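If you want the building blocks of each chain, they are given just below.
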Amino acid sequence: MDAKQIIAKRVALELKDGQLVNLGIGLPTMVADYLPEGIEVVLQSENGMIGMGHLVDGEHNRNFTNAGGHSVSILPYAACFDSAFSFSLIRGGHVDCTVLGTLEVDQHGNIANYMIPGKMVPGMGGAMDLVTGSKKVIVVTTHTDKNGNSKIIKQCKLPLTGVECCDLIVTELAVMEVTPKGLKLLEIADNTTVEEVIAKTEASLILADTIGKFSTN
Amino acid sequence: MDAKQIIAKRVALELKDGQLVNLGIGLPTMVADYLPEGIEVVLQSENGMIGMGHLVDGEHNRNFTNAGGHSVSILPYAACFDSAFSFSLIRGGHVDCTVLGTLEVDQHGNIANYMIPGKMVPGMGGAMDLVTGSKKVIVVTTHTDKNGNSKIIKQCKLPLTGVECCDLIVTELAVMEVTPKGLKLLEIADNTTVEEVIAKTEASLILADTIGKFSTN
Amino acid sequence: MPKSKLTSIEDFKKLLKDDMTIMIGGFMTDGTPEQLIDAVLESGVKNLTLINNDGGYPERGIGKLISNGQVKTLIASHVGLNPTVAKLMNAGALELILVPQGTLAEQIRAKGAGLGGVLTPTGLGTLVQEGKQVIEVDGKKYILEKPMKADLAIVEATYADTFGNGVNIGTTRNFNPLMALAADVVVMGTYEVREPGKVDPSSVTIHGVLVDYLVEIVEA
Amino acid sequence: MPKSKLTSIEDFKKLLKDDMTIMIGGFMTDGTPEQLIDAVLESGVKNLTLINNDGGYPERGIGKLISNGQVKTLIASHVGLNPTVAKLMNAGALELILVPQGTLAEQIRAKGAGLGGVLTPTGLGTLVQEGKQVIEVDGKKYILEKPMKADLAIVEATYADTFGNGVNIGTTRNFNPLMALAADVVVMGTYEVREPGKVDPSSVTIHGVLVDYLVEIVEA
Numbered sequence: 001m002d003a004k005q006i007i008a009k010r011v012a013l014e015l016k017d018g019q020l021v022n023l024g025i026g027l028p029t030m031v032a033d034y035l036p037e038g039i040e041v042v043l044q045s046e047n048g049m050i051g052m053g054h055l056v057d058g059e060h061n062r063n064f065t066n067a068g069g070h071s072v073s074i075l076p077y078a079a080c081f082d083s084a085f086s087f088s089l090i091r092g093g094h095v096d097c098t099v100l101g102t103l104e105v106d107q108h109g110n111i112a113n114y115m116i117p118g119k120m121v122p123g124m125g126g127a128m129d130l131v132t133g134s135k136k137v138i139v140v141t142t143h144t145d146k147n148g149n150s151k152i153i154k155q156c157k158l159p160l161t162g163v164e165c166c167d168l169i170v171t172e173l174a175v176m177e178v179t180p181k182g183l184k185l186l187e188i189a190d191n192t193t194v195e196e197v198i199a200k201t202e203a204s205l206i207l208a209d210t211i212g213k214f215s216t217n
Numbered sequence: 001m002d003a004k005q006i007i008a009k010r011v012a013l014e015l016k017d018g019q020l021v022n023l024g025i026g027l028p029t030m031v032a033d034y035l036p037e038g039i040e041v042v043l044q045s046e047n048g049m050i051g052m053g054h055l056v057d058g059e060h061n062r063n064f065t066n067a068g069g070h071s072v073s074i075l076p077y078a079a080c081f082d083s084a085f086s087f088s089l090i091r092g093g094h095v096d097c098t099v100l101g102t103l104e105v106d107q108h109g110n111i112a113n114y115m116i117p118g119k120m121v122p123g124m125g126g127a128m129d130l131v132t133g134s135k136k137v138i139v140v141t142t143h144t145d146k147n148g149n150s151k152i153i154k155q156c157k158l159p160l161t162g163v164e165c166c167d168l169i170v171t172e173l174a175v176m177e178v179t180p181k182g183l184k185l186l187e188i189a190d191n192t193t194v195e196e197v198i199a200k201t202e203a204s205l206i207l208a209d210t211i212g213k214f215s216t217n
Numbered sequence: 001m002p003k004s005k006l007t008s009i010e011d012f013k014k015l016l017k018d019d020m021t022i023m024i025g026g027f028m029t030d031g032t033p034e035q036l037i038d039a040v041l042e043s044g045v046k047n048l049t050l051i052n053n054d055g056g057y058p059e060r061g062i063g064k065l066i067s068n069g070q071v072k073t074l075i076a077s078h079v080g081l082n083p084t085v086a087k088l089m090n091a092g093a094l095e096l097i098l099v100p101q102g103t104l105a106e107q108i109r110a111k112g113a114g115l116g117g118v119l120t121p122t123g124l125g126t127l128v129q130e131g132k133q134v135i136e137v138d139g140k141k142y143i144l145e146k147p148m149k150a151d152l153a154i155v156e157a158t159y160a161d162t163f164g165n166g167v168n169i170g171t172t173r174n175f176n177p178l179m180a181l182a183a184d185v186v187v188m189g190t191y192e193v194r195e196p197g198k199v200d201p202s203s204v205t206i207h208g209v210l211v212d213y214l215v216e217i218v219e220a
Numbered sequence: 001m002p003k004s005k006l007t008s009i010e011d012f013k014k015l016l017k018d019d020m021t022i023m024i025g026g027f028m029t030d031g032t033p034e035q036l037i038d039a040v041l042e043s044g045v046k047n048l049t050l051i052n053n054d055g056g057y058p059e060r061g062i063g064k065l066i067s068n069g070q071v072k073t074l075i076a077s078h079v080g081l082n083p084t085v086a087k088l089m090n091a092g093a094l095e096l097i098l099v100p101q102g103t104l105a106e107q108i109r110a111k112g113a114g115l116g117g118v119l120t121p122t123g124l125g126t127l128v129q130e131g132k133q134v135i136e137v138d139g140k141k142y143i144l145e146k147p148m149k150a151d152l153a154i155v156e157a158t159y160a161d162t163f164g165n166g167v168n169i170g171t172t173r174n175f176n177p178l179m180a181l182a183a184d185v186v187v188m189g190t191y192e193v194r195e196p197g198k199v200d201p202s203s204v205t206i207h208g209v210l211v212d213y214l215v216e217i218v219e220a
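Residue numbers (the numbering used here), protein chains in the order written: chain A, 1 to 217; chain B, 1 to 217; chain C, 1 to 220; chain D, 1 to 220.
Calculated directly from the structure, the hints in this document are not laboratory data.
It should be emphasised that the depicted structure is a prediction, and the values quoted were computed from it without experimental measurement.
Using N, Cα and C, we set each Cβ at its ideal position, and we do this for glycine too.
Mixed in with the good hints, there may be bad ones.
As the list claims (entries may be wrong) - If you want the footprint, here are the derived chain D segments under chain A, 3+ residues with CB under 8 Å:
id, region
1, 20-32
2, 100-107
3, 118-127
4, 176-182
5, 188-197
Construct the complete structure from the given sequences, taking the supplied hints into account.
Below you can see the structure in the form of structure tokens.
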């Protein structure tokens, strides 16, 4: 599997049967494809739907779309609502878990993923509400960028999407929990070593008593 | 006509075609029966309906009721909603006019109609929101109580429902506008005199340049 | 497919405890699931704090629980049609907290929506303002009204699927959708249970994702 | 029976003026009445402030108005799928005000509901907090977000009666019902006009009492 697939598969293990989950655009959406047998989650799409199914190919059906504007199928228990209700669910703590990508994430659980001043300003969309209101916030990212620099840093430099809001960081190399004392390394991929993970991580890592391994295939 | 009918008929003249109107329980509800030919208003019921029709006799239909819990008919353009939306309409200034009864009303436009400490505490229901948010607040009352005491007083003594919120007071004897300078007598009933109205009014009255007459039959 | 939330009235009773704060949907009992009120009555739990638009009638809706002495505190906007409330209040046997109807709706919604409160002009200069922060925004004053929550919400849908997606016909909607957002546990009574797929997704008024238990009831 | 609100596209254009603030429903153009956007385009009005969830696409939805240079300020939560926004911003030809999506919804709703503002935890400690009051309630901090209003709202319903009671199917609802509450004048585009009585009162998502003009449109 490639890095994205490894991450999606590992994140899928965090989700529990029946949970209400919001998956961001891109890699997070892939998580739904790796849910273990017997685990079904309820997907929320912040544009106004619960019970979202899969992307629909072919002709655009404007009546049922995801937050990226693509047509999706709906499940039998689906229900739709307006944006105020959608974010009542999100801000009000009714979403059990959100998975989102990021530009930066640091050892305090800060996330920055909505703008690079002077370069790129896509906007926060629903992300600021999601990281504020979801019971569990999982950030997914490759462990390093194209130039080999760590994506898991000591302190975010870009404008923040959320302050100390991230609970868990999952990369293709490691699973790290944000704790009051710092970033705790819980698991590493089965094709790496603790030493390699530490070397590729700018943030300080606290080692869990037992560090587990997760599958890369 | 009796006092209530006289009042209801006069209030009906204040309503304009197409307005969204909320009529309180009791006398205010009667206003709908006296709308002049060609004038149709849209009735809101704060329990969650627009396009309310008339009271329905016979078997209770719990699906369509008014704020008093009685079954009502619905008009073809009716629509229903929850209490948060209902009061968004009310507080948000979407209701053109509300007509409500009162225990006390004074020359400053203060209204007290939801409790008598130690005696009676029915509660404000939607009245506090209605007097705050409606574009026009019309208070209806008999001019005097059973003992002949004026109901139009200088200063409310009971706990207030709303502060300086009343725009117009209609009794079986007079139509009075609340102005920044005080209570202005605009019209009197065709069976009374300005002197009688002044004598029966505790509040100070400013006389309009021309005082009109309204019908009592 | 998520598991069916269909539950028996007997199992619903097991959720009830003394001293609970319970939100109950309905407006003058229309939209109140009468059979679930009966179950609370039978359970005998006491010292309850009830949140409802009104006080119902002495023999109908939440009024039955008040008449039966199970209620310590009632939070409502209007109790004029239930003389038992006044009687118990005057006897010191019931605490009544009056809240303007629109404010009650916003406070419940605020809890459900994760807001710290809302600023409303309603009640300025009245007893309602007492003990509350007044905040000025652009030269206008508003009362800061805080979120209102409950341990349990008892709501009604005219019909619903087994996931808990409910539809309220007409004026039975009132506080039901708001209360479903604001309580730790939500129980919905409904007159018709349908399979998922048999409720129009665009017409749902109470969302299944908020509902923990569904009870099939009959009209009283 | 209240008068029909049915209006022609030409009459709709007469409502448009330079410098207007316009709320436009839709989410990535789903739920945006494309034909009414075209009418704004044809009218040539300029210096507009637009409020929308996003920036649409360069050739679809409100993006067309941005591409055509008619927009001075855009208030939105996300513009990542319209590169023209970034281009115009960097050239100093467009002001962009980013608002978290849930906050945008609440601000519009707050205006429509007559609230002086809402307290939200969203955006605390970020750029979003800048210049705003922070209010503490029971030991927790919240940003006071003020109501947001507009001169005109352009909304969409899948079908509607001539009184303006509209129903949104599926995810076309999004900001449409909220914007209809918050603008001085509300114009609704719909794909199917029905007689009153032919829309289920319990399924209405945009309420006719808020709608000033109804325009029959076709899918783009």
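Each hint, compared with the structure:
Counting residues of the region 20-32 of chain D whose beta carbon lies closer than 8 Å to any beta carbon of chain A gives 5, which meets the minimum of three for the stated coverage. Chain A is given as covering the region 100-107 of chain D, and this holds because 7 residues of the stretch bring a CB closer than 8 Å to a CB of that chain, at least three being needed. Evaluation of the coverage hint for the region 118-127 of chain D: fulfilled, as 8 residues show C-beta separations to chain A shorter than 8 Å, against a requirement of three. Judged by the Cβ-Cβ criterion of 8 Å, the region 176-182 of chain D is covered by chain A as claimed, because 3 of its residues qualify and three suffice.
Coverage of the region 188-197 of chain D by chain A is violated. Counting CB-CB distances below 8 Å, 0 residues qualify, and the rule asks for three or more.
Violated hint: 5 only; the structure is consistent with all others.
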